[in-house]
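Novice: Sequence:
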Amino acid sequence: MNATSSPLLFSYRVIFRAAPLAGMALILCTILIGFMPGIQAFMLTSLMEQLSDPAPPTSWGGVPLAFIGITVVSVVQMLCSLGNNLAFQYAKNRMNTRCTELILQKVPRLAAESFEIDGVHDQLYRAYSNREAPFEQIRAFHSVGSIFISLISFLVYVQSLNMWLSVVFALSIVLYSVQMFFQSKVEHRVYEEQTAQERELNHLAEIGTRKNFGKEVRLFGLAGYVFDTWLSLSERLTKQVLRVRTKHHLQNLFLTTAGFATVTIFFVIVALSVGSGQTSTAAFAGLVSFIGQLGYMISNVGKQTRDFNLTRLKVRNVIEFLQVQEDAVPEAQQQLFDVQGTLHVKNVSFRYPGSETWTLQDINLEINPGETIGIVGENGAGKTTLACLLAGLYKPIDGEILLDHVPLRELSAEFRTQQIGFVHQKPIRYELSFRENIELAATAERGALEDVVEAFHMHDLLQKMPEGFETLLGRSFGTLDLSGGEWQRMAIARCVVRNPAVYILDEPTSALDPENESMIFNLFHQLSAQKTTVIISHRLGSIKGVDKIVVLNRGRIVEVGRHEDLIARGGEYCRLYELQAQWYKEGEWCEA
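When the letters of the sequence shown are read in order and numbered with this note's numbering, they come out as residues -16 to 575.
Just to be clear, a hint being listed does not mean it is correct.
[To be verified] Below, simulated SDA-like cross-link-like pairs (lysine to any residue); rule was C-alpha separation at most 20 Å, straight line: (1) K286 to P390; (2) K230 to R219; (3) K378 to L93; (4) K378 to I550; (5) K89 to H388; (6) K75 to S57; (7) K378 to T340; (8) K514 to A438; (9) K531 to G353; (10) K168 to I86; (11) K527 to C557; (12) K89 to E99; (13) K447 to L465; (14) K514 to F439; (15) K89 to Q72; (16) K89 to E115; (17) K527 to A551; (18) K222 to A179; (19) K168 to E115; (20) K89 to N68; (21) K329 to R418; (22) K527 to D548; (23) K329 to C371; (24) K89 to I53; (25) K409 to G337; (26) K286 to V90; (27) K168 to E99; (28) K527 to Y560; (29) K168 to E96; (30) K230 to L214; (31) K409 to K514; (32) K527 to A564; (33) K514 to E490; (34) K409 to R193; (35) K378 to H388; (36) K378 to A438; (37) K378 to V389; (38) K75 to K168; (39) K531 to G554; (40) K378 to P390.
Treat the hints as calculated values from the structure; they're not laboratory data.
Kindly generate the complete structure, drawing on both the sequences and the hints.
Specialist: Written as structure tokens, this is what we have:
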């Protein structure tokens, strides 16, 4: 779907993709509903003229044709209103689902680095919050359309009675609509300015209500502080909105008072006109039929104009997100090839969008098939960023990373993720079944799940599952939760079941006890005989036996070598290793 169109055209594209018959029905019903009051007024005038005519009026079975026409119009109006409501109800779910699909399909097409930018998060938040805006805009537009058609019919009818009255009413309606239009722009600008604070407000609410925050909030007695912070921010945002709306209410009060004065003057003039014989009783009867709906139409034309412009601006937020630059896709997807597992990093430098500081600079590295390397360094040295680059999640600003002989940027995302397995240091806890948590969209061979359970000694975990592989994990939908270490083992098993050529493990055992950590690393040492493995770990003792250790410091590689060689060199690695080792040496804790 083309996201570059105007908000209204975008909304119509959504409805005609999601519910084309409902879209056609809404257009037809809107036009008919708009003309109904005018047709009724003209027919009522005709009926009154026929009844007051001394000559027998044209009739059907003794019933004046104008009366039959009024009855038919009333039935049609009722059927159109019913059809209009049914079409809106049907279109609402279809349109909202379609718009949500567009947003969710857009997210994975964005470059991973873009999620480091607050502005992108704001755009995503606004787009998702306004995913119902296309439907609301269609509804507001059709409401405005039907009211304007009715008002035009009214103005034409009034013009036949008094041209100047018609002009005054037209100017009043235009003034009220313009006022509402500009008010909606001001209110939407306040909404956009508050997006970041709204996200913060939602985050504070989650801290106070979500299970994963609950224990710490209660342990440290933070509930009062979180609530007070939420309340303070909420009141500040509310005051900003109320300040704007109070100003608008005062403006609308003035316009409403002026409108009532105009209507009063109109009635006086029409009454005098009827009394003097300039306006016929039949014409006045038709006018009365309009007057019953006039107040509704005038009060709603401004409101619907305001709603239409407000939804137009919200739809623009959706369009703006759909126009965010996507991750570059190779023009010609790389043909599949047998991956050996060589990773070659050539003069790679990287910094995050919007930052002037380089996270990594001049990185050169070669990792051969079957080789296991460890990447170490202090916090902020760039370890996780390098891991994301090696996995193809981020793209280098300068330099190139190749898998075997092919640059990563030339590989399709599907092929790349099949060949490079990644275990994040904070994996997602998917509250799905045991089976889904491990397989999770993987194209694994039959029996691979059972093999992974066997290899990772997960039988003890599986025995706790009342429904075996189909047991739901987590307490949001099921009844069985896992420990942090068990969730991490699930993430590692999820990576292994895909059987990739390259493993990248970012702190894969941070939540595991020493026994399970030793078991996991022994397993990966066995895998590394045929696979390329990259391990990032703060526990230097756990990677002593790898083939090569890469030491990062302030975004640069400062040392490369085996454990023994780096210790003998007495450089950065030796310093980090000694700092950790001292806590395990007898007496060091007491001396500290």
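Novice: Compare the structure with each hint and give your call.
Specialist: Going through the hints against the structure:
no., hint, result
1, K286 to P390, "57 Å, violated"
2, K230 to R219, "17 Å, holds"
3, K378 to L93, "12 Å, holds"
4, K378 to I550, "33 Å, violated"
5, K89 to H388, "30 Å, violated"
6, K75 to S57, "27 Å, violated"
7, K378 to T340, "16 Å, holds"
8, K514 to A438, "16 Å, holds"
9, K531 to G353, "12 Å, holds"
10, K168 to I86, "24 Å, violated"
11, K527 to C557, "12 Å, holds"
12, K89 to E99, "16 Å, holds"
13, K447 to L465, "10 Å, holds"
14, K514 to F439, "17 Å, holds"
15, K89 to Q72, "26 Å, violated"
16, K89 to E115, "17 Å, holds"
17, K527 to A551, "14 Å, holds"
18, K222 to A179, "16 Å, holds"
19, K168 to E115, "19 Å, holds"
20, K89 to N68, "31 Å, violated"
21, K329 to R418, "39 Å, violated"
22, K527 to D548, "11 Å, holds"
23, K329 to C371, "15 Å, holds"
24, K89 to I53, "52 Å, violated"
25, K409 to G337, "25 Å, violated"
26, K286 to V90, "34 Å, violated"
27, K168 to E99, "30 Å, violated"
28, K527 to Y560, "10 Å, holds"
29, K168 to E96, "32 Å, violated"
30, K230 to L214, "24 Å, violated"
31, K409 to K514, "23 Å, violated"
32, K527 to A564, "12 Å, holds"
33, K514 to E490, "18 Å, holds"
34, K409 to R193, "18 Å, holds"
35, K378 to H388, "17 Å, holds"
36, K378 to A438, "34 Å, violated"
37, K378 to V389, "14 Å, holds"
38, K75 to K168, "25 Å, violated"
39, K531 to G554, "15 Å, holds"
40, K378 to P390, "11 Å, holds"
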